[in-house]
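Respectively, the protein sequence lines represent chains B and P. Each residue of the first sequence is one higher than the one before, counting from 955 in the working numbering. Each residue of the second sequence is one higher than the one before, counting from 379 in the working numbering.
If you are wondering where the hints come from, they were derived from the structure by calculation, not from laboratory data. Beta carbons: idealized from backbone N, C-alpha and C, even for Gly.
One-sided and incomplete, this derived list gives chain P residues near chain B with beta-carbon spacing under 7 Å:
#, residue
1, Tyr572
2, Leu573
3, Phe606
4, Glu712
5, Thr732
6, Ala741
7, Phe744
8, Asp748
9, Leu750
Non-contacting residues of chain P with respect to chain B, defined by C-beta distances greater than 10 Å in every case (computed):
#, residue
10, Ala407
11, Ala427
12, Ile482
13, His486
14, Val501
15, Tyr525
16, Gln549
17, Tyr589
18, Glu647
19, Ala656
20, Gly759
21, Leu763
22, Trp767
23, Arg772
24, Asp781
25, Ala802
Listed below, chain by chain, are the residues.
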Amino acid sequence: MAGEYEQFLIHESRLLDERRFRDWMALFTEDGSYWVPATIGQRSPYGQTSLFYDDLELMRTRIDRLEHPLIHVQTPPSNTVHLIGSVTTEPGVPATDPESGLPASDVLVLSSAITAEYRLDRTRTFIARQRHWLRRVDGALRIVRKRVDLVNCEGAFEAIAVPV
Amino acid sequence: MPDGSLNDRGIASLIEPGRVHRRVYTDPAVFELEMQRLFGRAWLFVGHATQVPNPGDFITTDLGRQPVLMTRHHDGSVRVVLNRCTHRGIKLVAERQGNRQRLICLYHGWTFDPDGTLLRVPVDEGCAPGFKLCDFNLAKAPRVGVYRGFVFASLSPAGIAFDDWIAPMKQNIDDIVDRAPGGEIALDAGVHRYLVRANWKMQAENAVDSYHVPFSHASTVNQKGVQFSRREGDNEGAKVVDGQRTAPQWKQRRSYSVGHGHCWTSNTELKENERSSAVYDEYRRTLEAAVGKERSDWILTPRMHNSLLYPNVSFMGLNMHIRVIKPIAVDLTEVNIYPVRLLGAPEAMNERNTRLLNVTHAAASFVQSDDLEAFARAQAGLQSLQTDWVDISRGLGREEAIDPPGALRQMATDELVVRGQFRAWLDYMSEA
Ligand code: FES
Ligand SMILES: [Fe+2]
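Using the sequences and the hints, build the whole thing.
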């Protein structure tokens, strides 16, 4: 079973590396969200800053912009490679959590991710603990929430254009 | 022609009415002088009193490059002291924020009160003859001023009085703070930190630049030339582009330059009477209940977009935040963005503001990230030695005098506000 989840995470990260952002968004449920907290151990995306906290509507706006010919911070575009490892699973949460707004899920997949990003002669690395809360919809796995805790989330970042 | 030296004549030769020499952005020697004469003299934003609500609370920050602590002393007063042990120079506190009733130096244990008073030194029989604790209190910021909870400090004992410096910009601070039904705001909803390989002045100028928006932010504008909505209750955002050109509505914006480098831009007309959502309507009702309908309507009418209190902080009214500029090197700057939390407003309203700020001004935002690209590319372009001058002449000679005397206004797509900043820059940077 862990194999299926690991394959799913690898597939998901590969869509980002291939800049197939619409296909990536299609992995999320309608009530899905993508969250990158700005503090270590952040409990909630509400009322506190986050590097990313996109519901599907904001995600769509973000991707419209990523596909826009005049997105200067992606001219030229970034080239990224994700490495996913240390995958384990835990039971999902049966009901929506009011504090973090996390909807019900079937399974929680924990993993580590290392992402290298190259752009304009510079390479930087994002290292993160990932949590994917997944739900099975018509037999297929869908992301209810992807949470990415960057080790340096409290630091100052140069512009970040693509989801990490 | 600039002769290269940084005496008063040399500095003055870098600034002309409609252009500035590239060295103001690229020369490390100019940057060093800015740290002494501009950031070492000017009133700088330190923090907001709500960041240190209880006795013993502290935040650490830098004024220019000098590490400081803003503390809440036992007596309830807010203090600004240098974050440097008076023994051998250790940076006393490393964390960004916390609470400590006594500040104990990690190295040899000298112990200070939150107001900087030295209380004890270990092994005091070793103190040199004549050693007095009171000679070794933490250095204080020579001058501190507070307006509506916003704490400013000057690292120089002399210079323009705080009241005179803040006076022309009080209305800009009020513009945001008055939106809180309780009449007070808090800066306690986290921070966005971004880093840009560019000179700090790029950010100061850009905060009040309305010329760049249709181009720099083209990717945030939809087919109808309208930017995505940046305020709760707006069903659509501001009209920016008309066809291939800057929209007439956008050209209605005005900028204001009011001395000391202070400046702001007004807003494009937004469809204020159509602004509505469950969250926004409840907020509006709360504000009306607190201050009455007439005043509430006035408070909620957008007048100011972004206001710069020169040199290190701007206040944005549109999606409410405070932006603090921290120069690190001639070509490296950190910027910290704090969402404004309106005390007494429904929390959902504050949550929406914070949420929209994630997509407008985080390092990963849709808007700010293209500005950062522009700043870094400006820094790279200015390495060219074949063209020394940076043009800031738009609207030169077309300034309109307004009240109070000395204040000027013009189209926001002109460059009045940049020239105003350099006028103040020159005042600070001169020797005397
Ligand atoms: S350096 Fe602080 S106690 Fe010695
Ligand atoms: Fe901008």
